[in-house]
Amino acid sequence: MLRYLTKRLVLLVGIVFVISVGSFYLIHLLPGNPATVILGFGATPEARAILYKQLGLSKPIYLQYFVWLGNILHGNLGISFISQTTVASVIRSALPIDVEIIVISQIMAFAAAIPTAMRSARKPDGIVDRILGATSFTLLSIPPYILIVVLVLFISIKLGISGTGPSAYVSLGTNWITNLESLSLPAFTLAIGSFVVYYRVLRSDLIATLQEEFITMARSKGLSQRRIMWRHAFRPSSVALLGAASVNIGGLLAAGFIVQYLLQIPGLGYTLIMAINESDFLVVQGIVLTVSVLVVAINFFFDFVINVVDPRISRE
Amino acid sequence: MSNFGGIEEVAELALMVEKPEKSEPLGLFFWICVFWVGLNIFGAIFANVLPLQNPLYENFNAINAAPGLHHLFGTDDLGRDILSRVVYGSRISITVGLGAILIGYGVGAPLGMLAAYRRSRFDAILTTVMYLLLAFPAIIAVIAILSFWTPRSLFKIIVVIGVASIPLVYRVIRTATLNVATKDYVIAAKVQGATDRRILMKELLPNIAPIALSFFLIGVATIIVLEGALAFLGLSVNPPTPSWGNMINEARTVLSQNIWLALFPSLAMCLFLIALNFIGDRIRSHFDVTEVKL
Chain A
1 MLRYLTKRLV LLVGIVFVIS VGSFYLIHLL PGNPATVILG FGATPEARAI LYKQLGLSKP
61 IYLQYFVWLG NILHGNLGIS FISQTTVASV IRSALPIDVE IIVISQIMAF AAAIPTAMRS
121 ARKPDGIVDR ILGATSFTLL SIPPYILIVV LVLFISIKLG ISGTGPSAYV SLGTNWITNL
181 ESLSLPAFTL AIGSFVVYYR VLRSDLIATL QEEFITMARS KGLSQRRIMW RHAFRPSSVA
241 LLGAASVNIG GLLAAGFIVQ YLLQIPGLGY TLIMAINESD FLVVQGIVLT VSVLVVAINF
301 FFDFVINVVD PRISRE
Chain B
1 MSNFGGIEEV AELALMVEKP EKSEPLGLFF WICVFWVGLN IFGAIFANVL PLQNPLYENF
61 NAINAAPGLH HLFGTDDLGR DILSRVVYGS RISITVGLGA ILIGYGVGAP LGMLAAYRRS
121 RFDAILTTVM YLLLAFPAII AVIAILSFWT PRSLFKIIVV IGVASIPLVY RVIRTATLNV
181 ATKDYVIAAK VQGATDRRIL MKELLPNIAP IALSFFLIGV ATIIVLEGAL AFLGLSVNPP
241 TPSWGNMINE ARTVLSQNIW LALFPSLAMC LFLIALNFIG DRIRSHFDVT EVKL
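Just so you know, the sequences run in chain order A and B. Numbering-wise, my numbering puts 194 at position 194 of the first sequence, and it's gapless, one number per residue. Numbering-wise, my numbering puts 226 at position 226 of the second sequence, and it's gapless, one number per residue.
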């Protein structure tokens, strides 16, 4: 277990290194002198000097990386040249909204996927399984940006529930009920996408688990269907579910970006897209770096949890 | 993938082979899907020859018109024919989908096969590198690179998504090859003195072809979803060139006056994705030669 975790930790450091180099290099993908592109032609010499110092632009490129990395490690992601606030504070105020949407969506997705997958696995190819299979297959092919447009059309416009529509966002601190209302459509959209993945993964894993000998054993002992499902089948199969959830995180964040953008909810995604449109490149870089590291860290955490749930994995 | 971008998720699903007891027939719906995909590709190729209206012509006498005889799918907020724009829009989606996955397969598939066949250090190093790249959230990397790498063009979009798909294709192909490479008939061929080239082309390739084809189609579908997302974020082709993604994006601002503009491109995209996913899924389960069946 310890050996396994050390190995993963080394890998984690490697990945974070690759991400940092990638995010650093983004600025150099811009055509022309980074300072001019970031600040525009009308920049004051002072602003240029600050940026040169921040990015170490006068040094050779590999040294620039270390200057940049040093700043990052001190929590200095630079200054947004549009809003004149630090990139770190921009991210700090936006990130909790993403977290809230994702947490709500995941609760909904698990609450729907676990019982339905169990129901399907109990009688594979039965009527319920076929209906659920066809439904999940159709939902699989509906991109989140189409789903959210449809939801806005029917719920916010046709039904007239305005609290759910575009620019209806209210912060959690102001009023938590209207906050939940304004986040309900994005969370639901993400939940559908996750549900499909979780349902399919858990269903096929449960079907495989239910054919194991220890399940036959449990059946012959006369244990109830419910107990067999939850205690004997779900625990080993939950590993596959956790694995799917871990892999899902990256896509989930990106899908969250789109729905935020559509409903003008000021999370990371909305901030990122606004920054792209305004050519506020240091904000883009900061968000890309933060999100990437976050995804990798979450994957690492899931790895750890999976190991605790199923110690057999680390022994392989 | 409904959570789109989850190219990773697709790999997960593609590797998650369900084992049917008997070979499933392809079924009628399979052929309907094949027909539908064929029709879309036909439309995309021959859009200029087909009797369609100019997708860029703005008819200010028919703004936000409902479907009718003159405009079968209605018109958008600038009076442009929606049917024509949907057909022309499929060009972008299909070009990006096919182009990017071809890059992914061109690099990822030979590497994956070689790694699984050779094993040893070559495999170990390559697999670690690919694993590192896979851990990087691909969609976020694609968004990041495209937002910095200006001016954007269709070519750059295809290259960036294509490169991002390489590690995934590599993993799928490598896993599929590994399953075959240890089979008796491959060992028998080796014992008979067959060359590596012969074994790779004649023994391994035909046996991984169904999985490769299945993942290819699902990959195209995933990339089309991703391209739509990029169009939404303003990172794909620029208007007025129609694409399914930017049509839906335009539609959302006039949603209460014109639902047709949202409906038709969404429908076109979803139906095309369902068809691709279904064909891919069916091919996988149809050709899945498992121990159970042998």
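Treat the hints with caution; some may be incorrect.
What the hints assert, rightly or not - Here chain A is said to cover these stretches of chain B; the calculated rule only asks that three of the stretch's residues, wherever they fall, bring their Cβ under 8 Å from a Cβ of chain A:
{"hint": "1", "stretch": "92 to 102"}
{"hint": "2", "stretch": "136 to 149"}
{"hint": "3", "stretch": "201 to 208"}
{"hint": "4", "stretch": "232 to 239"}
{"hint": "5", "stretch": "255 to 262"}
Think of the hints as simulated: they come from the structure by calculation, not from any bench. Idealized CB from N, CA, C, for every residue including glycine.
Against the structure, the hints come out as follows:
Proximity of the stretch 92 to 102 of chain B to chain A, defined as three or more residues with a beta carbon under 8 Å from a beta carbon of that chain, is not established by the 0 residues found. For the stretch 136 to 149 of chain B, the proposed coverage by chain A is satisfied: 12 residues have a C-beta within less than 8 Å of a C-beta in that chain, meeting the threshold of three. Under the rule that three or more residues need a Cβ within less than 8 Å of chain A, the assignment of the stretch 201 to 208 of chain B is violated, with 0 such residues. Under a criterion of three residues with beta carbons nearer than 8 Å to beta carbons of chain A, the stated coverage of the stretch 232 to 239 of chain B is upheld, 4 such residues being counted.
Given a C-beta distance limit of less than 8 Å, the hint that chain A covers the stretch 255 to 262 of chain B holds, as 4 residues qualify and 3 suffice.
This entry does not satisfy hints 1 and 3, going by the numbered hints stated previously.
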